[in-house]
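Q: The hints should help you fit chains B, C and D onto chain A, whose structure is shown.
Number of protein chains: 4
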Amino acid sequence: MSRIRVGVVGATGYTGEELVRILSRHPRAEVAYVSGKEDRSERIQDIFPYLQNTLDLKCNAFSINEAIGKTDLVFLSLPHTLSMQNAPLFLKAGKKVIDISADYRLQDTKTYEKFYKTPHTDAENLPRAVYGLPELNREKIKRARLVANPGCYPTGSILGTAPGLANGIFDESSIQIDAKSGVTGAGRRADKALHFSEVNESVKAYRLFEHQHVPEIDQALSGVSKKPVSVVFVPHLVPINRGILSTIYVKLSKKMNTEELLALYKKFYEHEPFVKVYGAGHLPEIKYVVHTNFCDIGLKVNEEKNLAVIVTAIDNLGKGAAGQAIQNMNIMSGFEETAGL
Amino acid sequence: MSRIRVGVVGATGYTGEELVRILSRHPRAEVAYVSGKEDRSERIQDIFPYLQNTLDLKCNAFSINEAIGKTDLVFLSLPHTLSMQNAPLFLKAGKKVIDISADYRLQDTKTYEKFYKTPHTDAENLPRAVYGLPELNREKIKRARLVANPGCYPTGSILGTAPGLANGIFDESSIQIDAKSGVTGAGRRADKALHFSEVNESVKAYRLFEHQHVPEIDQALSGVSKKPVSVVFVPHLVPINRGILSTIYVKLSKKMNTEELLALYKKFYEHEPFVKVYGAGHLPEIKYVVHTNFCDIGLKVNEEKNLAVIVTAIDNLGKGAAGQAIQNMNIMSGFEETAGL
Amino acid sequence: MSRIRVGVVGATGYTGEELVRILSRHPRAEVAYVSGKEDRSERIQDIFPYLQNTLDLKCNAFSINEAIGKTDLVFLSLPHTLSMQNAPLFLKAGKKVIDISADYRLQDTKTYEKFYKTPHTDAENLPRAVYGLPELNREKIKRARLVANPGCYPTGSILGTAPGLANGIFDESSIQIDAKSGVTGAGRRADKALHFSEVNESVKAYRLFEHQHVPEIDQALSGVSKKPVSVVFVPHLVPINRGILSTIYVKLSKKMNTEELLALYKKFYEHEPFVKVYGAGHLPEIKYVVHTNFCDIGLKVNEEKNLAVIVTAIDNLGKGAAGQAIQNMNIMSGFEETAGL
Amino acid sequence: MSRIRVGVVGATGYTGEELVRILSRHPRAEVAYVSGKEDRSERIQDIFPYLQNTLDLKCNAFSINEAIGKTDLVFLSLPHTLSMQNAPLFLKAGKKVIDISADYRLQDTKTYEKFYKTPHTDAENLPRAVYGLPELNREKIKRARLVANPGCYPTGSILGTAPGLANGIFDESSIQIDAKSGVTGAGRRADKALHFSEVNESVKAYRLFEHQHVPEIDQALSGVSKKPVSVVFVPHLVPINRGILSTIYVKLSKKMNTEELLALYKKFYEHEPFVKVYGAGHLPEIKYVVHTNFCDIGLKVNEEKNLAVIVTAIDNLGKGAAGQAIQNMNIMSGFEETAGL
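Just so you know, the sequences run in chain order A, B, C and D.
Under the numbering used here, the final residue of the first sequence carries the number 360; numbering is consecutive throughout.
Under the numbering used here, the final residue of the second sequence carries the number 360; numbering is consecutive throughout.
Under the numbering used here, the final residue of the third sequence carries the number 360; numbering is consecutive throughout.
Under the numbering used here, the final residue of the fourth sequence carries the number 360; numbering is consecutive throughout.
Isolated chain A (complex conformation) (with noise of 0.2 Å):
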């Protein structure tokens, strides 16, 4: 089968290394191109030795004529800014795009400017940017030549309360999302707040209210509901590598027990490749979905106080990143969606 050439900017942060790793073993795709932010040069397989056998490739730092030279589809694991400031060129040579940061999730620009406190520099490309939620949107991601990648958080928040929004049946003013997430969806970086020792033994709340993956759960969460929803979300940091479990509590505006919220959520999610529906009594944990693609989902329903509490469990660097973005480029490539996944 022919393959197509992928390049990874940005591959060696912790989202660019699980695209590399898991691209390297794909059946449909070739790692044509991959670029580091460090000015320097080295084989990739030198930065991350488990790839010796199978990839054998220079990394550089990023030069856009050879991306686009080396590539018919690139991800851009970048900081935002850095993606709408390339993004535009890799699209006018006909490349197709995977954006992994945030700049092309929000629909609004000025919400976008109000969370990342900087001004969006391409609103032309912006309506042409499908939120990369095969789930919800995969009819457009088939079309889609800019994907934007979900956020972690995004994706384990929406994927627990789509169904139940969509079939009207939460109180959409009541939703609110705790999450509790791994390290390295802080990214690798040199931080004092990441040294093992601070954050090992602890676990933190913080950006009550304020994260900037609010208006992106709100914005398709809307979508979803057809009715303005605003969820309460309360991030956590606990000492893994990786992983996030959102504990979801949500209000019922109609009587049902925990086998009928079942029953709707597993037809809801009945085709879906990645998408797991537990049944009553279990709920998903984190050590089951690492290093895989899977949204598990569990529920418990409070039939006394009419509420439910929906727990999914993600890979941030998988179905939350890196596995996510490859579904996508499988959908816009027409591969099966679940190829080297």
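These aren't lab readings, by the way, just hints derived from the structure by calculation.
In this text, all values refer to a predicted model and were calculated from it rather than measured experimentally.
Accuracy of the hints is not assured; some may be wrong.
Intra- or inter-copy, both count: the list cannot distinguish identical chains.
To be verified - In silico SDA-like cross-links for lysine to any residue, where the CA-CA straight-line distance does not exceed 25 Å:
no. : residue 1 : residue 2
1   : K324      : P138
2   : K133      : T357
3   : K77       : E229
4   : K133      : S82
5   : K161      : K286
6   : K89       : E323
7   : K245      : A80
8   : K270      : Q238
9   : K129      : E322
10  : K211      : H310
11  : K324      : V251
12  : K89       : R44
13  : K274      : E49
14  : K56       : Q104
15  : K77       : K285
16  : K223      : T277
17  : K245      : G298
18  : K136      : R62
19  : K324      : I188
20  : K286      : S241
21  : K211      : K285
22  : K77       : F354
A: Just chains B, C and D now, kept in the frame of chain A:
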């Protein structure tokens, strides 16, 4: 200064060990008796080598007569049901008892029997038992002969919500508590589910709505608010040794901003030696409280949604168990409340 | 391409799970049979949720007849003694066997009985068993019907010293191995000593000089060096899930610098797909090999003292158990050696 | 009892924090001055919330005049070179100095310059500096005005080998030390290599033969054995916050069994309050010493090979840094040696 003779029944569990560790340096208590579950006879300083130089004591299997003969006050760090078998004997012999188990925490034996699946066998002493949360019951603790030491989850949950409930500014039907606990909270026992590699690199929720600490929280908060309170409580296991972070979501029944709510919390706890209320913009983390008897509290109001998120942090073996038990001993014995802590 | 039908007997331990995980994506093998210790009947994808979509199979208690009927080759991931009870039955039925236990690793039954404290009951098949370290025994493995898969510690220890011993440049009486292992190496079992909080935030040495892997290392290295080798071996438990780092101290019997010794190692392993020798100045770390079948090797010579320190890293469940077993299956079956790995 | 006024220069690093934590409860010391690296002005109890109730002190940027004015004795918890810039000023002002850096540990400035890559600028005070290992130098410490507090690795390495060397029963050319350290040993600094996810779930060796603590170990052991000692030292980083386990391999120059060697160790340390020698069959683990000032020692002789393996465990911030510094303060000040520890 004279010292009281104290005993720790169940000294080889995590809470028992922490009791012995703190008591071995307490200025007013002498550890005069320790017993372990196993039918063995070892010196306590051979079981816990760091006690070398501070304690020289045999740790035998429990003997009620020996324990009564050697102590003025005992800590019962036993599984539930074992405590209510032994507490009456100590009380009859004129000894003071601080029970770490759940046996004397719930005033309603039916609730006890529902959540602990076993009959309550000491209805006689139950009415005399004082719930040992000094911040709510200090005066009663002073006069108590039997103190029911609070559970670890209830301590962080109750201290985090009491000020708002006491002042009538929380909607008492809206309280949702998302708690994250370290693994010593599950006790020192052989269990495949507590195997290092089952817990490490994962997070899970468990016992949704059904945890045995729920009625304890409800009982205490109903007392504070003078109205029936029934919380939504979801505990989680995180891969750390010690500590509980509780993230509490409440609706405000009155308009209020962060500073105003903080002022009210600070006033409520202004004379408390072991509760610390953080300033606006700061939140507690588990690392700030481990190996202490503190409960640290921070909060933030979402004015738009008229709700507050309160975050509390305790050491589950400190303020959540052994530390609080020793605080209770200090109060019961007329010692300085912070002695040894 | 045709596939062979494989079975995993003991699929619910850590090694069994890893075998199933890798085999479920193997291009030439079909997982046709799995069994667990418990007398239960669950689908394997309910026990390990990430298998959803890749495997649909009942995991029952072990039945020799069912296992023989459904498979061409079996992996016995059983405690020692159980393997030698069952292996003869599979062999008699014409099946190939890869035994993960220790039962067929030691050619001398007296040594087996000394270290495993139990009689050896299958002296008949022992001479036919091939020690499954492909880097030393590839040709024999090709023709084997019974492969004794090496232990986790021996794999890292033997691969780290074989090149020097084979070339006669190590003083074979000087080998000291200081190994650090993750906790899955101890197996998935209820044991207070493996409780999360007993292992976390600690490191310990154990079984000095007496570990049951010592005779296995000595046997293999004596074969390589053609002289009796008896190593000093000190294993340690470190709080990680997977991986073994072995730090090996050897005296050189010949003057040599780091580059020269590295050259010799690189030559020894130049055609090996799963051994990677690092350049001077670089050393393997466990994170580079987890979730792979690699053994990474780095070293440094202290010319003044005429000794070398060699550092090897493997994943104890990968090259140290399941990965290597599948590498052996590939070799025995005429598949590409790296297939599925 | 009167108290001395102490200062901690560099109070916001891990060792500085531990110094302040222990000193804040010390019966004979009053923390009168603390300074931090950052040019900020915060209360120390806001930086380390658990100090609430025990300490009320401003933590400003360092001022030599303020520090001299407020203290009788200072702990310099500074990077090397900064200590030797400031120590002379404190000494001239009549203050006692306990230096936690490496600046006064090596009596030979050439060795210092070789390992620390910088000139030594205080040759004047160097001869007066006493190496602060009480078990070897107690009498000198009593009279010292300048104490060079030992490094963390040297403390565990020296205490583990001194009894055998002093008694002439170790081959002094055979000492190999394999040390495993927690991450606080690397200091509290922003460094990608210390990012939680770079360290977690991994183990690595580093600086083989070249670690700056090697000459410190050699100097101390040469003093003990009266012959030149040059050890092989390989440090490792393990994913724990605190603690060092040192596994030491030595050849015996005299036949001896485990019990005999233990007897010799027990005699050597019989009056030491902070060294614990375990009985045969027992070995120290890091969890037994964290948050203490103990060095625990266990060992086992391999009679066949005529060698011993000695295992020592310390808390790198306790006996390996702050605890030992306070032990030195106690000795220098005529306090009970165990005061506050």
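Q: Between copies, within a copy, both or neither: which fits K77 and E229 at Cα up to 25 Å?
A: neither (40 Å within a copy, 32 Å between copies)
Q: Treating 25 Å as the Cα threshold, decide for K324 and V251: within, between, both or neither.
A: Result: close both inside a copy and across copies, 19 Å intra and 9 Å inter.
Q: At most 25 Å between alpha carbons: which applies to K161 and K286, within, between, both or neither?
A: within (23 Å within a copy, 49 Å between copies)
Q: At 25 Å max between alpha carbons, let me know whether K77 reaches F354 within a copy, between copies, both or neither.
A: Result: close neither inside a copy nor across copies, 27 Å intra and 31 Å inter.
Q: At 25 Å max between alpha carbons, let me know whether K270 reaches Q238 within a copy, between copies, both or neither.
A: both (20 Å within a copy, 24 Å between copies)
Q: Between the shortest in-copy and the shortest cross-copy C-alpha distance, which are at most 25 Å for K133 and T357: within, between, both, or neither?
A: Neither way: K133 and T357 sit 36 Å apart in one copy and 47 Å across, limit 25 Å.
Q: Taking 25 Å as the upper bound on the Cα-Cα distance, should K324 and P138 be classified as within, between, both, or neither?
A: neither (44 Å within a copy, 28 Å between copies)
Q: If the cut is 25 Å between Cα atoms, do K211 and K285 qualify within a copy, between copies, both or neither?
A: Neither: 43 Å inside a chain and 30 Å across chains, both beyond 25 Å.
Q: As a check of your reading, is K56 near Q104 (CA-CA no more than 25 Å) within one copy, between copies, both or neither?
A: within (15 Å within a copy, 38 Å between copies)
Q: Checking K274 and E49: alpha-carbon separation at most 25 Å within a copy, between copies, both or neither?
A: Answer is neither: 51 Å inside a copy and 46 Å across each miss the 25 Å cutoff.
Q: For the identical chains here, do K245 and A80 meet the 25 Å Cα criterion within one copy, between copies, both, or neither?
A: neither (44 Å within a copy, 51 Å between copies)
Q: Tell me, please, which holds for K324 and I188 at an alpha-carbon limit of 25 Å: within, between, both or neither?
A: Both: 15 Å inside a copy, 21 Å across copies.
Figure legend: structure checked against the earlier numbered hints; hints not met, in rising order: 1, 2, 3, 4, 6, 7, 13, 17, 18, 21, 22.
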